[in-house]
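2 protein chains.
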Amino acid sequence: MAGSRLIIQQVVWDNNEFMNKLFKFFRQHTFSFVFSAVITLMITSATAQVRDTADSLMIRKLYDVVLSGEEMDANLRYLSRHIGARMTGSEQAKQAVDWARSTMSQYRPDSIYLQPVMVPHWVRGAKESAWFTTGGSSVKLDLSALGGSVGTGGTLTARVVEVRSWAELSSLSDEQVRGKVVFFNRAMDAREVETFKAYLAAADQRAQGAIAASKKGAIGALIRSLTLAKDDYPHTGAMSYDASVAKIPAAALSTNSADKLSEALKKDPKLQVSLKMNCIQLPDVLSYNVIAELRGAIHPEEFVTVGAHIDTWDVGEGASDDGTGVVQAMEVLRVFKATGLKPARTLRVILYMNEEAGAHGGVKYAEQAKARNEYHVAALESDAGGFSPRGFRIEASPEVVARFKEWALLLAPYKAGDVQSQQRGVDLVPMKGMAKALLSLDCDDSRLFYIHHSALDTYDKINPREVAMGAGAMAAMTALLCKYGL
Amino acid sequence: MAGSRLIIQQVVWDNNEFMNKLFKFFRQHTFSFVFSAVITLMITSATAQVRDTADSLMIRKLYDVVLSGEEMDANLRYLSRHIGARMTGSEQAKQAVDWARSTMSQYRPDSIYLQPVMVPHWVRGAKESAWFTTGGSSVKLDLSALGGSVGTGGTLTARVVEVRSWAELSSLSDEQVRGKVVFFNRAMDAREVETFKAYLAAADQRAQGAIAASKKGAIGALIRSLTLAKDDYPHTGAMSYDASVAKIPAAALSTNSADKLSEALKKDPKLQVSLKMNCIQLPDVLSYNVIAELRGAIHPEEFVTVGAHIDTWDVGEGASDDGTGVVQAMEVLRVFKATGLKPARTLRVILYMNEEAGAHGGVKYAEQAKARNEYHVAALESDAGGFSPRGFRIEASPEVVARFKEWALLLAPYKAGDVQSQQRGVDLVPMKGMAKALLSLDCDDSRLFYIHHSALDTYDKINPREVAMGAGAMAAMTALLCKYGL
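Each protein sequence line maps, in turn, to chains A and B. Residues 1349 to 1834, numbered by the working numbering, are exactly what the first sequence covers, in order. Residues 1349 to 1834, numbered by the working numbering, are exactly what the second sequence covers, in order.
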């Protein structure tokens, strides 16, 4: 082809026609692509009978303000770097509540208030430590107590039994387990396309390991961290106890430490592990959900909520989980005001307290909404890590889901038009049956479990563009819900 | 609803039934979701008449090996951290060629060889510096010479004229520009959904700024860095000169420096900027494309190429651009061998030299392929940063594109089923008209321009899962092309 011969033959570095041509080529194609995309969008919109182009324009305006703004990223930086980890019951959680209230006040909502809720207060105490002893030498392990675990009361030393499945644990006699530490070493399956599914398929060890181990007489439980990385960072998270059996200390090992321990056990099955965990459950304390409202202009008695959880684990900075969700929800309020959008229905921004260890804030909110007999159109939560959004996960009747699929066409140009089932907002579960739709922002989950619940969850891991794209999608969806209801 | 009442009322931290129920709830839904996804896939496959389920199984096998492997990440770590930036013509570029050849040799291709190509050799020299002087005080600027720029030969000091568009530059008389430095300060538009489009819409300043400024008698050009970030990191890149006008020094300013200079110019339009740039163009040197082959079992005379560029800019580690592409292309060879996949057509893995400054390696490859009258089915390049893949960008006839859309159904379960026009592999442009299809891996572009061509392009910015998902998509697409041809 003449064109390509031309390109090939004229490549000279000193007089770089090649690069110039390349740019022109790309730019020309870009324009024709934009044109055909606009045409496609027009046809798609027409066939889907989307109400009118006013919606597209409204959404474009919201995205414009979000994408060109700098406030949200400054908020995330402050929340992550200055306040940092804000474990439920902690001084930092209080600071986060105060900061969120005063920051959202500057966006001039119609009202803003704190909703009281009693929450658990677990503290890690002095940093835990662990090591195993074999052949006279001792090897350090990296671990992190699971949230809610009892401490060891000094140093706990015992032999270890490693299992990779519930069946393997069941097959052991009580005698084989009694007085030992059960080491749950089933890894997340990297072959699973959805890493969230790989997480769920392994998280039962963390959630129920201590109960199952204790039932067989174990005196401690160690869990392989729920991450696809091979590194030295333990990942904490929620665990459970059962009133019928003794509460035993439970902690997560980094994947490198888990591999090290597993290797050593192969050579010396009688090696002993030692744990020092200083964590303790203190009495419940008073804390708050932070709620800001824009009163609906036409149906003030109908509510659309958009939220995230303000608490975090006590390691890292809680930047991804769920600092990103918090600043995105706040951003929805900011851009409604900045664009002069007056919602027909009442918009509530809710920052829930204690999602991580029992969803007390979510439960309290639902309880109060029920007591006041409020009508909730939909409840939306962002708690998927703040990465590139793909769309929404929705739990609603088939008719309502069909509505969302129609709206999704408006979000597709922003790469947020995917509609999946199974919403994942833990704080929304108590609203099931009360709101006509529960929605969670769905994000690319490649990076999430590398940092989740660990010291790696810090501001520098977050990309402001990805957070902004998510906030744009949330603002757009919220605007549609406020405009049309369900 | 009874179910949700139950959940709400039983939330107690000490005996955390709530978390247990939540896990069970998610897991149950996961299973039913997987089931319906399988059914959907079966129906979709049937209607699309995909040849047989053998393709699905082949692709699943390739992904399994990629997703559970650790070699590719180890390769990227070595290439980024141990070899590092590998500018065309540099000692590190040589090291990278040797390393790639010896590493791929271990994967036992049928042949592996170096294809000689003469390449330019530009060196930055001692780190450049810049400052402006106003009201007796001087302010430091962060800058990076553009690739191929001439140096300043000592310190260049001149007044500055700031422009944000070509029209603005045109409107100035030669007298207004002569003897000054033109400061191109048009920012990437953050409101653009596709950041790559925002990049192209601003990159003309970098590509052609020096020519346009020189035409009006300017003695230097400064370009605002092509990034959405506001930070202190300048982003370099390719630039052009025109034989008809003088070559003037051109450099990129960090966005913070650009803002600082622009602010200062508003207060003192007569301020002076000083530049010290020590870069120089040395004589061309001999370098190589690295090529490994798996000979086609049935049609050895038909070629499918999969590649990336082995050179980088001289800042950062070239981890994203294009270390990720290099290790992905190498991984395709590894997994073909590891899974025992014997291609019907010949697979060529090509690591191109000097994509960044003239695509000399790409041009040489096409030249040789033409001289040997080789038949190329398709050429694929990965050079989009190594982030989460979305699918492929394809340049081919409508009939061929339709074929790809059929294959895309097989990649959709891996979230790589998107088919877009306008392939973006610069090294493939010389193959236009020679291969029936040119394809580039298409990735999420949110993060790319935060690190692109800057000191921030380092291994820690890359997520191994994202790179693996991309390599899986490349292996799958390559396998289909080798199996069926076009």
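By construction, these hints were calculated from the structure, which means they are not laboratory data. Be a bit skeptical, because a hint or two may be false.
You can't tell identical chains apart in this list, so a pair holds if it fits in one copy or across any two.
[As the list claims (entries may be wrong)] Keeping only pairs whose Cα atoms sit at most 27 Å apart, straight-line, the calculated DSS-like set for lysine-lysine is: (1) K1545 with K1763; (2) K1763 with K1753; (3) K1564 with K1763; (4) K1763 with K1475; (5) K1409 with K1545; (6) K1578 with K1442.
Being a predicted model, the structure only gives us computed values, none of them experimental.
Structure-based check of each hint:
When the C-alpha separation of K1545 and K1763 is checked against a cutoff of 27 Å, the pair qualifies both within a copy, at 22 Å, and between copies, at 15 Å. Within a single copy, K1763 and K1753 get their C-alpha atoms as close as 14 Å, and across copies as close as 19 Å, so both meet the 27 Å cut-off. In this assembly of identical chains, the alpha carbons of K1564 and K1763 never lie at most 27 Å apart, being 50 Å within a copy and 43 Å across copies at closest. Taking the closest pair of Cα atoms, K1763 and K1475 never come within 27 Å of each other, the shortest separation being 43 Å inside a single copy and 41 Å across copies.
In this assembly of identical chains, K1409 and K1545 lie within 27 Å of each other by CA distance solely across copies; the values are 19 Å between and 35 Å within a copy. In this assembly of identical chains, K1578 and K1442 lie within 27 Å of each other by CA distance neither inside one copy nor across copies; the values are 35 Å within and 31 Å between.
Figure legend: structure checked against the earlier numbered hints; hints not met, in rising order: 3, 4, 6.
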